[in-house]
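Chains as they are written, first to last, in this note's numbering: chain D, 4 to 200; chain B, 4 to 200.
Each hint should be verified, as a subset may be incorrect.
Same chains, same names: a pair is fine if it fits in one copy or spans any two.
Subject to a maximum C-alpha distance of 25 angstroms in a straight line, what follows is the list of computed SDA-like cross-link-like pairs (lysine to any residue) [said to hold, decoys possible]:
hint: 1; residue 1: Lys18; residue 2: Glu117
hint: 2; residue 1: Lys57; residue 2: His101
hint: 3; residue 1: Lys162; residue 2: Arg97
hint: 4; residue 1: Lys69; residue 2: Asp163
hint: 5; residue 1: Lys162; residue 2: Ile194
hint: 6; residue 1: Lys69; residue 2: Gln159
hint: 7; residue 1: Lys164; residue 2: Met92
hint: 8; residue 1: Lys69; residue 2: Glu155
hint: 9; residue 1: Lys162; residue 2: Met71
hint: 10; residue 1: Lys27; residue 2: Ala11
hint: 11; residue 1: Lys18; residue 2: Val125
None of these hints come from the bench; they were simulated from the model.
Protein chains: 2
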Amino acid sequence: MLDSEKTAFYLGLFKGIAPEDLLKVIHATQQRVLEPGEIYIREGENSPRLGYIKEGLIRSYHVNEKGMESTVLLRWEEQIVASYDSILMQRPSRFTYHALEKTTLLEVNYHLVEQQLENKPVFEKARYHFVLDMLAQSLERIETFVLLTPEERYRQLIKDKPDLLQRVPDKHLATLLGITPVSLSRIRKRIQSKPSR
Amino acid sequence: MLDSEKTAFYLGLFKGIAPEDLLKVIHATQQRVLEPGEIYIREGENSPRLGYIKEGLIRSYHVNEKGMESTVLLRWEEQIVASYDSILMQRPSRFTYHALEKTTLLEVNYHLVEQQLENKPVFEKARYHFVLDMLAQSLERIETFVLLTPEERYRQLIKDKPDLLQRVPDKHLATLLGITPVSLSRIRKRIQSKPSR
DNA sequence: CGCGTTAATTATCTTTTGTTAACGCCGCTC
DNA sequence: GAGCGGCGTTAACAAAAGATAATTAACGCG
Numbered sequence: 004m005l006d007s008e009k010t011a012f013y014l015g016l017f018k019g020i021a022p023e024d025l026l027k028v029i030h031a032t033q034q035r036v037l038e039p040g041e042i043y044i045r046e047g048e049n050s051p052r053l054g055y056i057k058e059g060l061i062r063s064y065h066v067n068e069k070g071m072e073s074t075v076l077l078r079w080e081e082q083i084v085a086s087y088d089s090i091l092m093q094r095p096s097r098f099t100y101h102a103l104e105k106t107t108l109l110e111v112n113y114h115l116v117e118q119q120l121e122n123k124p125v126f127e128k129a130r131y132h133f134v135l136d137m138l139a140q141s142l143e144r145i146e147t148f149v150l151l152t153p154e155e156r157y158r159q160l161i162k163d164k165p166d167l168l169q170r171v172p173d174k175h176l177a178t179l180l181g182i183t184p185v186s187l188s189r190i191r192k193r194i195q196s197k198p199s200r
Numbered sequence: 004m005l006d007s008e009k010t011a012f013y014l015g016l017f018k019g020i021a022p023e024d025l026l027k028v029i030h031a032t033q034q035r036v037l038e039p040g041e042i043y044i045r046e047g048e049n050s051p052r053l054g055y056i057k058e059g060l061i062r063s064y065h066v067n068e069k070g071m072e073s074t075v076l077l078r079w080e081e082q083i084v085a086s087y088d089s090i091l092m093q094r095p096s097r098f099t100y101h102a103l104e105k106t107t108l109l110e111v112n113y114h115l116v117e118q119q120l121e122n123k124p125v126f127e128k129a130r131y132h133f134v135l136d137m138l139a140q141s142l143e144r145i146e147t148f149v150l151l152t153p154e155e156r157y158r159q160l161i162k163d164k165p166d167l168l169q170r171v172p173d174k175h176l177a178t179l180l181g182i183t184p185v186s187l188s189r190i191r192k193r194i195q196s197k198p199s200r
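Sequences and hints are given; from them, build the entire structure.
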C-alpha cells in the first residue's frame, strides 16, 4: 500500500497531528485483507486491533447458550472496527468479528497508538470524536428498539442502507433487528403487499 | 450549597485539574432542585444544561405522532444528565426530560465549561471518559434488545436496579423495555408463578 | 448429472404481544 | 364523603412473532 494513503487516513483522523507523530503511527499501520468468512477477532480474545475498513463488511455476532447466533453489529467501508470490549473496556471480547465479504483494512495496534500519542491533544480530540460518533450511532439504535416496531425497524434499515440487502444474508439482518429470520421473511411479504411509507 | 461539595464533584470528574480552572467552573455551577413532575429540558429546546444528579430521578421521553409516549432513558443519583442531542450533536432535543421525584442537581452550562477548559488535557480526558462510559452503557442496552426477550429484559432490569420498581411507574418501565404496560403486567404475572432464574 | 449444503420461504401450531375496554384501587379535591 | 383521574390489572380479541418442520431454489463439487 502507498504511504500516501495511510497519510490521508490519519490526517483525517488526527487533524493537526505533528509530522513526527504521524510517521510513527504510519509505520505501525499495516494493510490487511480478509477473505469472506475469515475471522478477524474471536470471542474470548483480548484484541488490541483497531481497523479502518477501506472496502468490505465485518459482522460481529454472539452465540448464546442454546447455540443461537445473533448479529450484534455490522461495519462497512470507511468505518472503524474494533472489539469494543477489548479497546474500550479492557476485557476479552464477548463477540466474534468476521468478514462477510473480502475486506481490506488498515490495521493498527491500539495500545501502540495510545502510547505514542499519549497526552497529545490531537490524539485526545480524535479519540473523543471517535467515541462520540459511536455513541451517537448507539443512541439512535436504542431509539429504534424503543420507539419502532420490528417492521418499522426493517423499513428504516432498507431506507438508510439499502445495499445491505444484497450484501448480507437476511438471517443476519433479522437478528440484527432483534427478530428471527422467519419473522423477517413474513415482514418482507407484508411490505410487498403494502409498500406504503 | 457548600463549595466543598462542588469541589469534590469536580475533583472526581477532572482528576488533576488546575486550581484556577477549578475555581472557574465551580463559580459557574449552581445547585438546582426540581419538584416531582417538573420539566428540566423540553423537546425542541437546544439546552446546554449539564447536570449531575445528587438525589432523585430524571426521565427522558418522546411522544410520537399518535400521541403515544415512550421512555427513552432514566437517570438517577450520581449520574450525569444532559440533552444528548444538544450537548453532543448540537441540535434541538428530540426528547423531554423531567423529574419523576424531587431531584437535586449540580448544574452547569456545558458550553461555558467547554470554553474555559478548552485545550486543557484534563478536560479532554474527562470528556472522553464521560462519553466512553455512556457508550459502554448504550452498547449493553443494545445487546439486551438484540439478545434478550422482553421477559428477560425485565428480569435483568429488576436484578440490576430493583429500586426502580418502587420509584418509577410500571408504564414507564414498560416503554423503557420496548413493550406496552399491559404486556409488562402479564410478564409480572408470569414471573410470579415461575420465579426461576 | 446427482448429491449435499445453505438460505429463504411457507405452513402449522403455540406463545407472546398489541389493542381496546372494563374494573377495582388509591389518592386527591371540593 | 362523593366525585374524579390515574394506574395497574384483567379480559377478549386481533395481530404478530417464536418454534419447528417441510419445501423450494441456488450453488458448489465430485
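Exercise. Among the hints numbered above, which are violated by the structure, and what are their numbers in rising order?
Worked result: Of the numbered hints given earlier, the structure breaks none, since each of them holds.
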